[in-house]
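Number of protein chains: 2
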Amino acid sequence: MIRTLLLTALAAVAPAAHAAIPALMPMPVKMEISDGKLAVDETFGVNVKAANRLGVDHPTAPPEADRLGRAVEWFLARLARQTGIFFAPVAKAATLQIGCVPCSDTGPTLGEDESYSLDVSPTGAWIGASTADGAIHALATFLQLIQLGPDGFQVPAVHIEDRPRFAWRGLMMDVSRHFMPIEVVKRNLDAMAAVKLNVFHWHLSDDQGFRAESKLFPRLQQFGSDGLFYTQQQMREVVSYAVDRGIRVIPEFDMPGHTLSWLVGYPELAAGPGPFEIGRRFGVFDPVLDPSREEVYTFLDAFIGEMAALFPDPYFHIGGDEVNGKVWNLSPAVQAFAKRHGFKDTLAIQTYFNQRIQKILHKYGKNMIGWDEILGPDLPPDTVVQSWRGQDSLAAAAAQGYRGILSAGYYLDHGRPAAYHYGIDPLTGPAAQLTPEQAKRILGGEACMWSELVDAETVDSRIWPRTAAIAERLWSPKEITDVDSMYVRLEVVSRLLEFAGVTHRSSYQPMLDRLAGDRRAEPLRILADASEARGLGTGRRAHQTDTPLNRFVDAARLESESVRGLELIARRVAASRPPGAGDMASLRAQFSLWAANDARFPPLAEDNALLVEVKPLSKDLSALGAAGLRILDCLETGKPAPDDWMANETREIARLQRPSAEVLLAAVRPVKILFDELSRRK
Amino acid sequence: MIRTLLLTALAAVAPAAHAAIPALMPMPVKMEISDGKLAVDETFGVNVKAANRLGVDHPTAPPEADRLGRAVEWFLARLARQTGIFFAPVAKAATLQIGCVPCSDTGPTLGEDESYSLDVSPTGAWIGASTADGAIHALATFLQLIQLGPDGFQVPAVHIEDRPRFAWRGLMMDVSRHFMPIEVVKRNLDAMAAVKLNVFHWHLSDDQGFRAESKLFPRLQQFGSDGLFYTQQQMREVVSYAVDRGIRVIPEFDMPGHTLSWLVGYPELAAGPGPFEIGRRFGVFDPVLDPSREEVYTFLDAFIGEMAALFPDPYFHIGGDEVNGKVWNLSPAVQAFAKRHGFKDTLAIQTYFNQRIQKILHKYGKNMIGWDEILGPDLPPDTVVQSWRGQDSLAAAAAQGYRGILSAGYYLDHGRPAAYHYGIDPLTGPAAQLTPEQAKRILGGEACMWSELVDAETVDSRIWPRTAAIAERLWSPKEITDVDSMYVRLEVVSRLLEFAGVTHRSSYQPMLDRLAGDRRAEPLRILADASEARGLGTGRRAHQTDTPLNRFVDAARLESESVRGLELIARRVAASRPPGAGDMASLRAQFSLWAANDARFPPLAEDNALLVEVKPLSKDLSALGAAGLRILDCLETGKPAPDDWMANETREIARLQRPSAEVLLAAVRPVKILFDELSRRK
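Top to bottom, those sequences are chains A and B. For reference, each letter of the first sequence is one residue, going 1 to 682 in the numbering used here. For reference, each letter of the second sequence is one residue, going 1 to 682 in the numbering used here.
It is possible that part of the hints are untrue.
Treat identical chains as interchangeable: a pair holds within one or across any two.
In silico DMTMM-like links for lysine to aspartate or glutamate, alpha-carbon gap of 25 angstroms or less [unchecked claim]: (1) K682 - D226; (2) K37 - E606; (3) K363 - D382; (4) K186 - D455; (5) K359 - E213; (6) K186 - E237; (7) K37 - D607; (8) K478 - D425; (9) K49 - D226.
What the hints contain is simulated information worked out from the structure, not anything from laboratory work.
Please build the complete structure, drawing on both the sequences and the hints.
Shown next, in the form of structure tokens:
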């Protein structure tokens with residue numbers, strides 16, 4: 001029996017149905033599940049049959065093989081971590097066969113064929129692809145298909161045909177505001193590959209740090225990085241690590257603004273007088289490169305040439321955002337230059353600068369990308385515009401003939417829920433009015449991890465798992481929009497991502513332990529499980545680069561999985577008369593835990609500088625637990641609560657929906673569902 | 001006011017007193033705590049004043065400085081992780097001054113002066129030492145002194161004088177039965193330094209794998225390792241990483257037995273006929289080197305010379321354990337050779353072999369160490385004997401003039417509680433009869449992590465935190481023996497060790513998530529929290545090298561912190577009439593959780609091959625929770641339970657004290673305390 005899955009039918013998949021439907025993310029274009037399972041045990045092996053190997057088959061690839069061979073190596077290492085199985089060093093069986101014919105192996109390139117097919121039967125699995133990258137995506141799908149069944153690890157018999165909706169599916173990581181060591185970059189590349197993202201946009205310089213080693217201009221990193229930068233060898237290592245995972249690396253050197261860290265070592269590049277110091281605060285700084293002096297272009301030509309040689313991808317990001325023009329307006333030299341060229345405003349000056357940079361980039365075989373501020377009247381036509389201020393600029397750029405990618409709505413530092421990002425589609429809103437030819441210029445999008453509020457310890461938990469939802473938006477058919485289905489799968493994929501190497505889940509308990517000092521952190525964990533951290537611009541303040549990120553808000557996750565589970569139960573209880581006994585018991589147990597928790601909190605928080613701010617939150621949680629218990633009683637007995645109590649609770653619930661200590665008490669949501677139902681029944 | 005802490009007074013320190021007494025482990029020889037605190041904030045800096053720097057002071061050491069300078073670097077990195085504080089790249093203050101005069105910087109050496117003093121006042125901290133290693137130990141103490149107080153992170157004003165009781169304080173890691181990647185080795189070196197262990201004994205070869213690259217004899221690793229071995233560059237890297245942390249590295253190449261992996265590539269070294277295959281099962285194999293052929297010694301001379309050059313420490317371990325003699329007895333050549341030399345038995349032949357090896361080692365400037373089987377009549381006098389079969393051999397060796405180290409009682413793979421290891425003292429038992437001069441030959445001890453039952457994922461949780469208790473036994477004065485104090489401090493130190501880099505705590509949840517398949521693991525976590533894994537020879541079976549270590553027993557910890565907490569409460573309840581309300585509430589809450597847990601377990605374990613074996617355990621836990629609740633009722637009301645119920649519970653509790661699915665239901669212990677009290681009151 002073959003059950004063809006309609007994609008939209010996933011909406012109806014409840015968590016309980018887990019065994020039948022694998023939690024794939026992104027969802028493939030077509031998936032047909034059959035009866036039968038393929039066992040994954042210690043005999044498992046991979047055989048690659050690639051056309052560019054002159055037809056020679058070989059078993060599990062040896063070290064230093066080609067890219068697909070190396071992909072099989074990390075696939076097997078990942079499979080071993082995910083299952084705990086030790087695979088035989090020389091595979092006993094060719095369980096999974098990869099037929100990559102004709103197999104391009106030139107590295108991931110924009111617009112290449114990333115499609116693949118994957119067929120699994122009880123006797124084996126077959127991947128078909130015409131590029132190494134297609135095959136790499138199929139391997140990622142295979143890992144998500146693995147389930148723990150009655151006989152061990154297994155993959156359901158399935159036929160999958162898949163290809164991405166957008167060619168540009170990226171993650172931008174800002175390593176300037178807080179430096180991210182190379183192992184952080186690598187583990188995030190592993191996680192990107194797990195959800196088929198294919199562009200790593202590396203924001204390597206900004207006011208707060210210049211993170212790339214230049215041999216031509218060593219004062220850039222010597223004076224601009226506090227010693228925290230990547231050597232050229234490390235950058236090459238990241239590029240090859242990414243390429244092996246089907247990921248292009250786009251470096252960004254933001255200019256002419258956001259260049260304070262450049263100017264510490266090279267003040268002569270500045271439009272205004274120095275000396276300069278590395279930025280320690282956040283926001284937009286005035287210092288900017290001088291567009292009027294040829295020496296600046298000479299410097300940039302040499303520098304871009306040096307960097308272009310490290311990054312093989314033909315796209316190069318020049319930033320171009322947030323030039324406030326203050327220094328240019330105050331500089332007699334820049335003003336004289338503007339007058340000479342007839343430039344009326346800052347944008348015209350910046351467009352001239354961009355045109356000069358574009359010529360340099362062309363010389364080194366690179367296409368220019370920039371943030372949407374670069375969209376001026378005379379922007380060269382092969383520029384790619386990255387829209388961050390809104391979807392309007394993306395549509396405007398496409399209408400004017402420019403290619404574009406969307407990041408507005410994908411800013412991870414804002415701390416919004418996965419559902420919010422999931423609802424943002426590059427081709428909706430103003431883009432929906434474009435002609436088909438214009439719409440084709442919209443290449444995809446990028447999730448953006450600005451690092452004012454994250455460091456190496458916390459960055460994974462701010463990128464993942466939410467970025468998996470963005471990855472699905474950019475890969476899967478546009479009809480895949482069901483939020484409940486997304487969350488069910490996201491939770492499973494989130495756990496798998498730990499085996500890919502990111503620490504978004506495992507970093508949680510040690511951070512709570514640190515907050516608890518030398519006490520046991522359990523009451524703190526109960527509070528943190530019930531809380532959600534706010535993001536920049538949505539309740540969270542950014543201070544400066546050396547402000548410790550060791551507070552409760554840093555340990556708390558952005559979305560509480562356990563509260564989401566309680567919301568589902570609360571909705572069922574609200575909808576049923578009488579409510580299910582199991583559901584009532586689950587809610588009672590959780591509310592009781594909350595109600596009792598604050599009694600344990602003061603001993604934990606006593607004399608603890610970092611927990612002072614969450615003492616009121618702990619009280620609120622316990623009050624909420626007590627209120628929840630009372631509401632359950634009322635719903636069960638059918639007896640209403642007194643009016644004054646209801647009025648008071650209405651105010652309390654409204655108050656608790658506002659952030660405190662820069663976190664939200666997520667626990668209020670299931671209680672509010674029950675309270676609203678109680679109000680309705682009155 | 002100065003409170004001089006009597007060391008034995010620590011016995012009286014309850015967990016609640018945490019703020020006053022820092023959780024140091026190992027406990028120093030002398031500690032005086034005063035009023036006042038030193039703040040640890042972003043201005044914190046270290047200044048090294050070392051005599052071998054010609055009196056030149058310099059602030060926080062630059063990269064590539066000497067060993068003490070590099071130690072300060074990793075100290076600051078560790079401090080940043082532990083506190084979440086970003087320290088200024090160029091320190092603003094010399095908060096911590098290190099005076100190392102005269103400062104030996106030749107690397108850690110056996111018997112060097114490891115003493116240090118540490119003085120902390122509200123205005124600064126001073127370390128005094130005469131070797132870099134003394135100063136490195138002081139830095140480890142400083143990290144454990146840090147507490148989270150009302151104004152942030154702080155260190156109490158303190159005067160510490162400290163020195164080790166034993167000069168040899170080691171951890172042996174077997175990387176043969178399961179290979180441990182270099183990052184696993186490094187993070188364990190970091191953790192060793194945190195508790196002042198100073199010897200890393202690297203068991204590099206055994207029947208199941210030859211893990212060191214030989215350039216002279218490449219078939220050793222090519223045929224004997226399944227591709228899992230350390231390159232020479234990696235071994236040098238480990239040595240320098242260890243040396244920077246005050247740790248000597250002793251390589252072990254076990255011979256003439258335990259050499260199956262050598263013989264795969266070089267069958268001509270064997271006393272019996274080949275061909276040979278890498279060992280996949282465990283236990284003692286018969287194949288052994290041929291002691292009768294000069295070619296074997298020629299090979300070993302070249303090989304040992306090659307390895308000796310990689311490992312600068314003057315000690316070299318040749319194993320020598322478990323030679324069963326079967327092949328030698330069957331070999332006409334070996335028997336003829338034995339007859340020629342007048343060797344009466346296997347031991348005599350092995351002693352000859354050892355004498356030959358010792359000559360080779362001397363040639364390369366190395367002293368020989370071996371397991372206690374090497375203790376034969378003509379053993380060269382400068383040999384060090386490592387006692388593993390019992391404390392008798394250690395005393396016997398010392399009485400015969402040999403130096404020795406103790407490992408009997410420190411076998412981590414046996415899965416015994418920290419208290420067991422803590423109770424083993426190298427100078428008690430038969431060693432107590434030695435003369436002072438003989439006793440001096442007992443250099444210390446080593447914890448041994450044999451790897452039949454651990455892999456890279458689980459090894460940290462089998463080494464830590466228990467090894468910290470062994471580290472205290474080997475460092476601290478012999479009077480420090482209070483188990484309750486040890487456990488209070490061990491729990492705090494265990495959490496700190498995560499910031500040193502080991503993953504003994506953070507690996508727990510991902511392993512439970514894997515076991516839960518795509519379901520939520522919470523009921524499984526409650527069961528695992530209540531369970532304790534058994535070790536080899538104490539309820540756990542070892543199968544073979546490719547048996548997955550992904551079962552419940554692998555995820556469960558060896559000692560349950562939460563159950564230990566419940567035992568303390570249960571003891572208080574048993575001792576008080578009436579029992580404290582808070583204590584009763586805590587026990588009730590936990591027992592209720594257990595009682596309710598099994599209802600949630602079948603949906604989780606359904607169709608799950610790995611959870612089938614723990615279904616009965618889950619039922620037992622819930623029954624135990626229900627029994628615990630009933631016992632609490634009886635204790636509270638003073639009404640006895642019926643005789644038949646008591647008789648049944650007696651049987652049940654006896655049954656639950658036996659392992660099931662290779663784990664113990666630790667939860668039985670607090671319930672048994674209460675049940676015994678109820679029986680007494682009857």
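If the cut is 25 angstroms between Cα atoms, do K186 and D455 qualify within a copy, between copies, both or neither?
Both. Shortest intra-copy (15 angstroms) and inter-copy (23 angstroms) distances satisfy the 25 angstroms Cα cut-off.
Pop the pair K363 and D382 into one bin, within, between, both or neither, using alpha-carbon distances up to 25 angstroms.
within (14 angstroms within a copy, 71 angstroms between copies)
Homomeric proximity label, K49 with D226: Cα distance no greater than 25 angstroms:
between (48 angstroms within a copy, 24 angstroms between copies)
Could you place K37 and E606 in one of the four classes (within, between, both, neither) given a Cα distance threshold of 25 angstroms?
Answer is between: at 17 angstroms across copies they meet the 25 angstroms cutoff, but 55 angstroms inside does not.
Using 25 angstroms as the alpha-carbon threshold, which applies to K478 and D425: within, between, both, or neither?
within (8 angstroms within a copy, 69 angstroms between copies)
With identical chains treated as interchangeable, where does the CA-CA distance between K186 and E237 reach 25 angstroms or less: within a copy, between copies, both, or neither?
The answer is both: 9 angstroms in one copy and 21 angstroms across copies each meet 25 angstroms.
With 25 angstroms as the alpha-carbon cut-off, assign the pair K37 and D607 to within, between, both or neither.
Between copies only: 13 angstroms across chains, 57 angstroms inside a chain, cut-off 25 angstroms.
How would you label the pair K682, D226 (within, between, both, or neither) given a Cα cut-off of 25 angstroms?
So K682 and D226 fail the 25 angstroms test inside a copy (63 angstroms) and across (72 angstroms) alike.
Have a look at K359 and E213 and pick one of within, between, both or neither, based on CA distance no larger than 25 angstroms.
within (24 angstroms within a copy, 51 angstroms between copies)
Hint check: a violation occurs at hint 1 only; the rest are consistent with the structure.
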